[in-house]
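Single-letter residue listing:
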Amino acid sequence: MREASPDAAERSSRRGSRRDGMIVIPAYNEETRIAGVLRQIADADLGVDVVVVDDGSADRTAAVATASGARVVRHPTNLGYGSALQTGYKYALRNGYRLLVQMDADGQHLATEVAKLIGPVAAGEADLVLGSRFLEPGSYVMEPLKKVGSDFFRWLAAMSGLRITDPTSGFQAMNERVMRLYATNFYPVDFPDVDVLLTAHRSGLRVAEQPVRMLEGERASSLHSGWKPLYYVYRTLLAIWVASGVRPGTPSA
Amino acid sequence: MRIEELRELFLSAPEATSTRLLAAVLGVVVVVLILWLVRTRRLREEFTPLWVAGAIGLAMVSLSFDLLRWLTTMIGAWTPSATIFFLSVAFLGIVSLAYAVRLSRLVIDVKNLAQEVALLRAQLDESESARETAQQLREHR
Chain P
757 MREASPDAAE RSSRRGSRRD GMIVIPAYNE ETRIAGVLRQ IADADLGVDV VVVDDGSADR
817 TAAVATASGA RVVRHPTNLG YGSALQTGYK YALRNGYRLL VQMDADGQHL ATEVAKLIGP
877 VAAGEADLVL GSRFLEPGSY VMEPLKKVGS DFFRWLAAMS GLRITDPTSG FQAMNERVMR
937 LYATNFYPVD FPDVDVLLTA HRSGLRVAEQ PVRMLEGERA SSLHSGWKPL YYVYRTLLAI
997 WVASGVRPGT PSA
Chain R
-9 MRIEELRELF LSAPEATSTR LLAAVLGVVV VVLILWLVRT RRLREEFTPL WVAGAIGLAM
51 VSLSFDLLRW LTTMIGAWTP SATIFFLSVA FLGIVSLAYA VRLSRLVIDV KNLAQEVALL
111 RAQLDESESA RETAQQLREH R
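If you read the protein sequences in the order shown, they are chains P and R. By my numbering, the letter at position 41 of the first sequence is numbered 797, and the numbering carries on one by one without gaps. By my numbering, the letter at position 82 of the second sequence is numbered 72, and the numbering carries on one by one without gaps.
Take these hints with a grain of salt, some might be off.
As the list claims (entries may be wrong) - If the Cβ cut is set under 7 Å, some of the chain P residues that face chain R in the computed set are:
{"#": "1", "residue": "P832"}
{"#": "2", "residue": "N834"}
{"#": "3", "residue": "L918"}
{"#": "4", "residue": "T940"}
{"#": "5", "residue": "N941"}
Rather than coming from a laboratory, the hints here were simulated on the basis of the structure. For each residue, glycine too, the CB sits at the ideal point set by N, CA and C.
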């Protein structure tokens, strides 16, 4: 893939005034909340660039994000949450970012917690760090149904030797090796989940967790309503089965 | 009348010329339609094998009633019409599965292309704003 071997000269010429790390925020119709999230990030003074991937919003998400000082990548059409994240990985790889943090646009993930995630990645202790709501007990109350699903996926991951407490966390920090793996076609277009983590684990990437505080998010609750949870569990199980059969190969360092 | 005799009766029923003619004409029409669609560039060649095979199958079955009777006995159906229905459903199932496979690949292709467009546009925007900044700096000096 092109992302895997960017031309060194081209890369350095594009670097410009970029920093080493970037935050990617996938956003779909988030004009009311994106500015607040971006302000929090600016206030936290993290020393990273911020890229909002506008997933074909019908509202003014892109304009608001640009006005708030973020770099904006706009999908020409709505491609899905997973695709928006993946656009972020591809952007980071092309522009030579060595570290990436992904956050949600609804304010669920807190900018003040980003440094905790970056720590182990920057120190070279882990390739992928997940922000976990459950490492510190009592910090986050989940709906019973979601809890059951989360526990089930956690158990599944443990079966494969991946010990994590919060497999559905979308708050993650990663290095270039993870981005390269995530930029390939196996990455789901809708909701990347424990199947993706298992693929990373099987590829020899080191997955770690950090305790973080999270607020209640609206994306998660809209996803887990009606028939969706059932489909979601089915799809993830299928994806895990597929992932167990295919070794994507260790991404080159 | 015993049940085996009833089945024999169904199988040995004389073929209706009108039905045969209708099926044969339908088969020919479908083949001609497909060729015409391909020729007018409205249908791509790689989509046609399944349809052409289906149409030829229909024509063959309608021309040779013995073939249909043999098929009916083979699959354990009672009437030749049931065989035709079964084959049609199987054919439609295969066609839609083939399309689902193709769609799955197209989803990935479209996603990658849309991402490429988004990334290129972002790159263009950024280099343009960089050029504008440089321009303003020069004018300022």
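Does the closest beta carbon of chain R sit nearer than 7 Å to the beta carbon of N834(P)? 9 Å, violated
Interface hint outcome for L918(P) [beta carbon to chain R under 7 Å]: Hint on L918(P): violated, closest Cβ of chain R at ~26 Å, above 7 Å.
Tell me if N941(P) is really an interface residue toward chain R, meaning its C-beta lies closer than 7 Å to one of theirs. 5 Å, holds
P832(P) was flagged as interface toward chain R. Is the shortest Cβ-Cβ separation under 7 Å? The hint holds - P832(P) has a Cβ within 7 Å of chain R, the shortest such distance being about 5 Å.
Holds or violated: T940(P) as interface residue toward chain R, Cβ cutoff 7 Å? Violated, because the Cβ-Cβ distance from T940(P) to chain R comes to roughly 10 Å (cut-off 7 Å).
When the structure is compared with the earlier hints, violations turn up for hints 2, 3 and 4 and for no others.
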